[in-house]
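**Student:** For reference, the chains in residue letters:
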Amino acid sequence: MAEESDWSALMVRAQGGDAAAYRQLLGAVTPYLRALAHRAGLDGPEIEDGVQDILLTLHMIRHTYDPTRPFAPWLVGVAQHRLTDRLRRRGRQGAREMPLTEEHETFAHDETNHHEERSDSRRLRGAIETLPAGQRQAIELLRLRELSLREASAISGQSETALKVAAHRAIKRLRTLLEGL
Amino acid sequence: MRAMTTTDHLIESLVDHLAPVQPLAPPAVRATRLIVLATVLITLLAAARGLRADLDQRLVEPDFVVALLGSWLTGVTGTLAALSIGLPDRSRRWFLLPLPAFLVWVWGVGAGCLGHWVAIPTGAPIVADSVRCLETLVMASVPLALVLWRMLRRSRPLRAANTAWLGALAVAGFADTAHLLIHVVDPTALVLVMNLGVTGLILVGCGIVGSWRGGRLLGSPGR
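In the order they appear, the protein sequences are chains U and Z. Taken in order, the first sequence gives residues 1251 to 1431; the numbers are from this note's numbering. Taken in order, the second sequence gives residues 1241 to 1463; the numbers are from this note's numbering.
I should point out that these hints are in silico values taken from the structure, not numbers from a laboratory. The beta-carbon is built from N, C-alpha and C at its ideal position, and this holds for glycine as well. It is possible that part of the hints are untrue.
[What the hints assert, rightly or not] Reference excerpt, derived from the structure (chain Z facing chain U, CB under 8 Å, subset only):
#1 THR1246
#2 PRO1260
#3 PRO1266
Chain U on its own, in the form it takes in the complex (with noise of 0.2 Å):
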């Protein structure tokens, strides 16, 4: 009940901008959130999926968290909400959707069996470090991360707009990096 305390008051302090308590939070609920989305029965990558959707919630939401009631259940409502979100959109694309597997993806034909896609993701990497700080960013939150632009607002503090504006701007200097390769 130590821990639950501490996470209020962190919290609080959290809520008034103070970031090293923050840090220190989301640091010290993240394997609790971890074991939360295992229990849901995620499992794999999509553990730490589930996890970072809570956290972006958590932290989109942090206005909502009452400093008078205990911070546990309210962080386990995000969760919940986030976990029960994420198995419905599986059980939406399982029930329309088939995974594939190695037999799927090799083709017939020579060009398919390339592996050479590991090098254009590095040179893709390469490029994107080149960009500029602001178009990076955007780029890193909209298209690696797929976040939403709102998501990708809150957390950049860059406005919708403006996001747009830097990855539509990225992409043009990423093609013209890409094609001089």
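Put chain Z on the given structure of chain U with help from the hints.
**Tutor:** For chain Z alone, coordinates are given in the frame of chain U:
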């Protein structure tokens, strides 16, 4: 390991962009503000448009008093439930809070209709009153709906659809209280159809265009 590294990066990102926030006031406090606003609005509407001619007689009839109290209590409990149900640490059972008041309201109106369905005062200007009735409906519902929507949007409710239904019911309750005090023609069905029907259309429309999952209209977090 890679996924964990991404989670660590995400935490760093969130910490880097941390800004101080003002914690939301408890739902009861926020609900009280809207209830006071609704009561003031009903009073102003009654003062501006005049109380119904037969109010003195109706106020001694239990069915009418039950319907009046039921509609107002539906507004009160619906507001409290709408502001509570979207919070992460509140139960889904908040959805049931306005149910007793709603049943009392509908029962009071139904019983009143049965007992008085031919008892509209002779010569009462029903058609003209129906138009005024619609005006009152809009004047009571629209401002309350807008204020409640802004309050709900600020709370970024997790259960967006439930929140929307409860909000619509609350506004319908308050709007009908105004009607019962001002108009001879009983517009309860119209009030419910308009408020819940509009909400239903918005929910279905958002579902069709695919934005409801994010509860965008209420600012709900989602992907």
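**Student:** For every hint, state whether the structure bears it out.
**Tutor:** Comparing the hints with the structure gives:
With 8 Å as the threshold, the beta carbon of THR1246(Z) comes within range of chain U, its nearest partner Cβ sitting at about 7 Å, so the hint holds. Against a cut-off of 8 Å between C-beta atoms, the interface hint on PRO1260(Z) holds, since the closest Cβ of chain U lies about 3 Å away. Look at PRO1266(Z): its Cβ gets to within about 6 Å of chain U, closer than 8 Å, so that hint holds up.
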